[in-house]
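One line per chain: the protein sequences are A and B, in this order.
If you read the first sequence in this note's numbering, its first letter stands for residue 2, the second for the next number, and so on.
If you read the second sequence in this note's numbering, its first letter stands for residue 250, the second for the next number, and so on.
Bear in mind the hints are in silico, worked out from the structure with no lab data behind them.
Accuracy of the hints is not assured; some may be wrong.
Computed far set for chain A versus chain B, every beta-carbon distance over 12 Å [what the hints assert, rightly or not]:
1. Ala232
2. Thr299
3. Gln700
Below, computed lysine-lysine pairings styled on DSSO-like, alpha-carbon distance capped at 30 Å [to be verified]:
4. B:Lys302 x B:Lys256
5. B:Lys256 x A:Lys102
6. B:Lys256 x A:Lys57
C-beta atoms are modelled at their ideal positions from N, C-alpha and C, and glycine is treated no differently.
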Amino acid sequence: MIQQTSPEIGGMGHSVKRKEDRRFIQGKGNYVDDVHLPEMVYGQLVRSPYAHARIKNINIENAKQVPGVLAVITGDDLAKAGLAWMPTLFFDKQMVLATGKVLFQAQEVAFVVAEDRYAAADAAELVEVEYEELPVLVDPHHSLDADAPILREDREQKSNHIFHWEVGDRLATQKAIEESLVKAKVDAVFQRCHPAPLETCGCVADFNTATGRLTVWLTSQAPHAHRTLFALVGGIPENNIRVISPDIGGGFGNKVPIYPGYVCAIVASLKLGRPVKWIETRSENLQSTGFARDYHMTAEIGADPDGTVKALRVKTLADHGAFNAAAQPTKFPAGLFSICTGSYQFPNAFCEVDGVYTNKAPGGIAYRCSFRVTEASYLIERAMDVLAYELKTDPAELRLKNFIPPEKFPYQTPLGWSYDSGNYRAAMDKALEMAGYRELRKEQEEKRKKGELMGIGVSSFTEVVGAGPSHTFDIVGIKMFDSCEIRIHPTGKAIARLGTKSQGQGHETTFPQIIAQELGIPVADITLEEGDTDTAPYGLGTYASRSTPVAGGATSMASRKIREKARKIAAHLLEVSEEDLEWEPGKFFVKGAPSKAKTIQDIAFAAYTNLPAGMEAGLEAVHYYDPPNLTFPFGTYICVVDIDKGTGEIKVRRFIAVDDCGNIINPMIVEGQIHGGLTEGLGIAFMQLISYDESGNVQGGNFMDYLLPTAVETPNWETGKTCTPSPHHPIGAKGVGESPNVGSPAAFVNAVVDALSHLGVRHIDMPITPWKVWQILKEKGMAE
Amino acid sequence: MTARIEKTFQVKAPIEKVWALLSDPRSVVQFVPGAKITESLEERTFKGAISVKVGPIVTDYKGDIHVDRLDEDAHEIELAGRGQDVRGKGSASMKMTGKLDALPDGGTEARTVSEINVVGILAQFGGRMIYDVSDVMFKEFTERFKSQLEQPVEGTSAEAATTEPVNAIRLVSSALGRSVRRAFGGSDDSGDKS
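Isolated chain B (complex conformation) (with noise of 0.2 Å):
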């Protein structure tokens, strides 16, 4: 199944800050839960892996990074990802782009458009997980990178670096909750997307 995911967040840090980070590929992947780049290929392809649980079901992709596009005077980027379950589960592909924008306040802007195709177990579920295990995750990235770039002090994002799988525990009950709260007449501004 294919998703697209629309994000927008802003930091309160200069953009040239936010670009040396988000322009590498290696820097951004410690923000992202259950991931991590294991080897440089060459400059712009890396070899990673990423982590996902989602209930009882654990699929580890490994595969490669690509930097398709870079530019750094619109301060644009273009990834392209692609890997399968080490265990055979099946294999999910993304294709991203960042674009960042300078703000009046000092702050930046990061746009990001994300096209992802799983195919496997986790496929089956649908939009509705889909979508949710990527806010999820996307919140935490966001979370993780503001934190980076806003904290005065470096090298104190240490906790923030981790590559354990994504915390299922708390994953899935926000997941699930969305879900519940969709069967219940809750709001949902995903479910159409797939």
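So here's chain A without its partners, still in its complex pose (with noise of 0.2 Å):
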């Protein structure tokens, strides 16, 4: 159990509410946008209208003219300096600017730097590229097809397919399949979206002539990681390199690549020896930077008649676009997939993965997800819906019957996860009663006899977050610890700096908590800083839900070794040994006479004045944690819905979320994360996806098509939870952010089939709009 500071301090399970909103809401957030340095300068990429074309010529001659234009940058440029092509973060390479062709609709094909933006913007518009058009592949279907156009002429392997990866046993889960009597099948598209992110990406790029130093305003969820690559790739001294993430305005995991933008705003830096800022409008975000998901899969359960779950085999196609740019830890080519057998204790499974390339942007991120988890957690809740209408049997109690139970834990998946914590009948018996669930059957019960369509949706999803332990996750090769480093001075306030970066979830806020809870310094006392290279020690980030496993440990961890020195000082002040000293927070005493004290402010000021003799001075310590294991939140969500006949209009009647995240730092920021992720979940089943034609033209690149849900399509969030602390973490937390995301899609679209069930249909691909409802009423019948 955490012990429960005052609320003047404010540790862990206060809901302090969040220290940068201050500035936040008064408009005085610092962004990348609002960076402006003297001699300051604009770039603007020319993009390619094609989704697949040779590049005959670009003309740049009529762009230079323009009054203000100071340098136009195309792909040879780079090519002469070996910055044609750099990198992904998965063993790719993907152009900065094209040589030779281009690959997908919007990408980078030159660069104009002018005084200023307009300028910029006029001048790429006189960038002449003539192409010639060749033929385009769409459909990650025919990625593998004997006739499909070889996208990618740099590679020795003359083929679109990237990687083949699978995990399990084969042939034991194929008999297990084959032999049991009961089967279910589904196929399902998690259809390709976007984070769309409030601030878009973009960079200022500051080369100093004089100093040699590279300072790089970044909207960068993994600053330090970006500073390695760029000292990597552009063979600049990684100590000659700065970058500062500020104030980023959402991230998702759309901002932890590295875009051809940054990459051509440095070069012209160095080129002109002057800042060079480039910004991304909303069309170029959502058209060329890091998309979500695109997994086409399917999944196989055998089950026995009375519903126990014998084996899982899931078969999936991955469409990475031109360039294989998912952010993902290294050993892992399909992220966590291989979560996918979810809350449930199956014999065998096994999961295998084809990664292939088309004609659209690269990508692959974690949408506000470990790696591959919503993907699988979203099949898994599907499979089984179709296996409960296969046993005609209800969905929740499916799930009862075939939870992992208490005792398991930790559990060992068939697919060799090694499960913390869970309860899962805890979880699910709460949102049950939350939702009155017999009564909502029995209403559904007596519309559907009126004629009336009313779903009722079950998704009890387990996370896995928190990569990662270092004999299994790397990112390009560098271990996915996180770091904290606290300095306390002398008059009992600190600063406290971390590897991670808040894009919006609180930061500030969170860890001083984690702080106040180990010290007892009131929250209010400690300063939080992330995001500067030069000041805070080297971490991975924040994406994947990582922040508070792996950077919540290096805080407490550091905390703790403080509180260590702080004992010793303690014991040199009150002139006893240090085990007759007790601690609670803010202070220790001695034991049996508790008005013998010392506070944690008072030992602060004698670390620094009145030490022990032949002790160090100052109070200050760093962590990097190497977590031991992941974390498994979980929860159920139950959503209910109403479906209008006459419109195919879907209105989410109630949205029931009990989640288990282990200890909580601070209520009030787990439930807005809920909260937010909930809403994401609901725009992603229901709103968008990023099409192209079959030229390969996007046909949800801009906000008229990519729609995002407002306070207008959101229901009522009706939140609960359960806590089952993470065993093998210091202060027994898990991470939240990504699991609204994560378990909801499921909650949605089940709710959605359970309306339509009894018409016989059992699958609905995302995003489910009306018009997919009312042509499924139409064929059913049932359209008014």
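Join the two chains into one complex using the hints; note that each chain is given alone, in its own frame.
This is the structure in structure tokens:
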């Protein structure tokens, strides 16, 4: 149990108001586009209109004539410096500016730099590129056809195949499915979608010709990793690179990769000796930067007639676009997709994934997701519902029957994971009770008799977050630890710096709460800094719900190092031995004599003024935390929908979300994270798709086509929680940011399918639009 | 994206007179907003250009037009065109068939079917823009075409022969107006054709 601190200290469990919000709501945030430097100039990218075409000629003469234009950089210019291509985060390379040919619509072709944004935009219009169109490959199911155009002429392997990855026992799983008396199968596409953060990507690159130092203000979720990559690729000594991630307006995985615009701005600054700003437009962000998902999946379950599951087989085709720019740990080409056995006891499982190229924007980033966990969770939760229909059993009952029971943790899954802790039944029971599940089923039955359409969707997801243990997890070789450095000032106030980077998660509040919990220093007295590679300790950044599991562990451990030194100083001040001291948050006192005490503030002052003989001055610590395992948050979501037979419109009547993320640091922030993630899940389930027509034209490349849910579409979220701490994490926390996005799409889709299940409907691919529903109703003779 | 557009209009002029005009791309082009023929390569092949402005996007397509089929007896013509934007913003191709029928009142009915394929930034707007823009262009075309044929005096169609880009403001406001009307429940007879 976590000891409760006073509200003044504001340790774990207190809904401390977010410290950063004061500046955000006053418009005093400092985002990349707020950076203005003397002599700063502006960059604009010229992009390809074609999905696949050979570049025959680029004429930059007219563009150079525009007043204020300083430089026009093409792929050939970069090639001379060896920078036309850059490595992606997953063993592939990507063109910075196209040379030879373009491979997706909106690909970067040239970079114009001018004194102001208008001149840069005007000149970009005048860059004349002559193309020869090539056959376009849009459908990943045709990527491996014999007559498919080979997209990547740069690769030795003359094929559009990127990788094959498999895990589990193929033969045992096949046998178990063949022998099962009940079988269920679902083909599901988790469509290509985009995180669409409020702030698009951008940077200001400032190369100082006098000092030889490069400073880059960057929309980066992982500033340290980006600094190292800039050093390795650009050949600039790492000590001469400073990456600063200022305030970030949402990342959701979109700001993990390095984008061509960043590299172009850096090259232009090196060339001109002036700061260069490059900021994407909304369409550029949607059309060219890291998309998410695009997994084309099949799941088969074998089960006994009583509903006991026996085996799960998953086969998936992954569309990575023109370059494999997935941002995920080195040993996991399909991320953590093998979490696909979910919350259930499958004795046998097998999972295989093939990645292919198409003429689409590159990516495959982890949109509010630990690397393909969302796809996995969606698939298993859909498949369990299909099995429930096969068995004519209630989907909640089927899940309860197959849950891994609490006493079996740590639980080894057949696909290699060791789940740390879980109590799935507790979360399910709570959700069923909050929903009034039995009454809802009765209501549904009565409505069906009257011809009305109502559906109840259940999703009992298990998440895997907190990448990750160094024995298994690295990104391009860098181990996935994270770090915290804490300095206590003489007056008892403190500053902490971390290797993570908040993009709106509330780090300036929650990490100080951990320190407040461990040291008793009031949260108001602790300043938190992240994102400046010159000052913060090295870390891998914030994505995949890893900040609390990894950097939170580091914060806790660094605090404890300080507490150990504080104990020595307290013993010196109180003239007792260390063993005679007891700790409560904020002070050491003598056992049996609570009035004989020294506060952490007294101790901090003594650390600079009155030290025991021979002790090093100061009170500070740094810790690089290597988590022993991942953490496995879970929960049950229940969604209730009503469908209008006249229009196909889906109304989400209720949504109940019971989450278990272990011990909670700030309940208000957790709830806010859940509201945000559920709303994103709603958008994915019902509205969002980056599609391409047969010529490779992006059809979801602006906010007219790529819809975001607003308050109008968003239902009232009913949240609840259970608490199953992580046994291996220093403060028992598991992380929560992505759970609602991982668990909710299946709940929404299951609810709609449930409303139509008596008509024989078993699956509908997302986004489930009214048009799709109406077509089904028409086909079934139900449309009014 | 590919769009299929079918249009029918009537002209108060005898079929042979209409045919004389319609069967020669050099004369047809003067009625197409923003279009011109720049060079005759051979009897049935021409070099041409068309400028289309949608909002902030101006595309200047340059390319070839070829008369694939010309059936004098049936009054049928098939045209194929293909062009690239001069600044590399994309390409467009078109296949159009036109057929004339004499009407009992001495007039003529023209039926056209066009298949347009657009690649590039314009195509990102999808059907709503392509259909709306082509509607506006076609309306302008028929007005000019009819006024030429229905004018008793020759040589008064100087205005119609303009090669200025399609009137941007009128086009955009008209097309946007349609999109807005659709969003608020107005009719949309073209949205599902893409």
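For each hint, the structure was consulted:
no.	hint	result
1	Ala232	holds, 35 Å
2	Thr299	holds, 29 Å
3	Gln700	violated, 6 Å
4	B:Lys302 x B:Lys256	holds, 22 Å
5	B:Lys256 x A:Lys102	violated, 39 Å
6	B:Lys256 x A:Lys57	violated, 38 Å
Against the hints set out earlier in the document, violations occur for numbers 3, 5 and 6.
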